[in-house]
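Q: Sequence:
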Amino acid sequence: MKKSLLVVMLLALFAVFSTIHAQTMKPAENSALLYEISGNGLKKPSYLFGTFHIICSGEMIQAEKLTNYIDKTEQLFLEVDFDDLAELQSIGKMPFLADGKTLNDFYTEEKYAKVGKLVQNALGAPIENFKNIKPLFLQIMAITSPKFLGCSQANSYDLSFLQYAQTKQKPVEGLETVAVQAATIDSIPLKKQADGLYQTALEPEKSSAEFKKLLEIYKTQNTDKLFEYMETQMKDDPAFQTNLLDKRNTAWIPKIEKAVKEKSSFIAVGAGHLGGKTGVLNLLRAKGYKVQAIKL
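Take the sequence shown: its position 106, counting from 1, is numbered 1267 in our numbering, and each next residue is one higher.
Keep in mind the hints are simulated off the structure, nothing from the lab. Remember, predicted model here, so these are calculated numbers, not experimental data. Ideal Cβ placement from N, Cα and C applies to all residues, glycine included. Any given hint might turn out to be false.
As a list, the in silico DMTMM-like pairs of lysine to aspartate or glutamate whose alpha-carbon atoms are at most 20 Å apart [said to hold, decoys possible]:
1. Lys1422 with Asp1232
2. Lys1272 with Glu1366
3. Lys1396 with Glu1423
4. Lys1233 with Glu1371
5. Lys1396 with Glu1418
Derived CB-CB ranges, DEER-like [unchecked claim]:
6. Thr1263 with Ala1340: 15 to 25 Å
7. Gln1360 with Lys1329: 37 to 47 Å
8. Asp1260 with Gly1200: 43 to 53 Å
9. Gln1360 with Gln1327: 38 to 48 Å
10. Thr1381 with Glu1423: 27 to 37 Å
11. Glu1392 with Ala1344: 20 to 30 Å
12. Lys1408 with Ser1192: 49 to 59 Å
13. Gly1200 with Thr1381: 19 to 29 Å
14. Ser1218 with Lys1422: 13 to 23 Å
15. Lys1205 with Gln1327: 19 to 29 Å
16. Lys1329 with Asp1260: 39 to 49 Å
17. Lys1205 with Cys1312: 30 to 40 Å
Based on the provided sequences and hints, a complete structural model is requested.
A: This is the structure:
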């Protein structure tokens, strides 16, 4: 499997969210996707952007509106350093079931056929081609496929930022390792993952509608509302919310502080990490930084 596809699969998991126009820097406190970080002794401002990891190209914010801010900074921070060969190699191992398991081990023949129909419709290939993939990866691959998204090709802010930083020869760093993200995914038992994939196969339209609703909220650039919707979707599994968002947000703050103190940085993380009481925005403000919204 190509590494670029593996990167996109990993990004999808952490979906399933000021000088250009000075007058636009007055939206509600968390009603934006881009924020300027200043104060607290910083010599230069840094910028924090909330991404939607998998999105149709036509729905992305105009590239120049964002690359202008990357140009103002000295380094790029993503959730994971996709510029690191060792991390890419780790990504290559993430999607696959271990210990000789296959998808057949989790389903009756009837349920396996139902999941196979979803895979064929969404990905255009038989389920046998994916039988070694963890159910959660396969579920999100289906939901974020171009067919479900309604466009010819999916895109990614994260990979776009990576490619732009590389052309500008800017350093690229990560806030965490692939191992941390793998542990988050593996905190969901495989049987529960398999049940989730089967439920998507039973009601693909429902899963697609929920994903598109998340995207529509994202496009309003209101990070608190985005967090609230995600919180509602995860209300039956608070432990997963803690692992997916809260713990990771808290762990990122010291790394973000170190980065912005050393160099002006452009930091891109899933927009779902920004809003809420334990979101990155509030955690940075609690540390004494001025975090000001920039409406794009």
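Q: Quick check: which numbered hints come out false for this structure?
A: Hints 3, 4, 5, 12 and 14 are the ones this structure does not satisfy, whereas the remaining hints hold.
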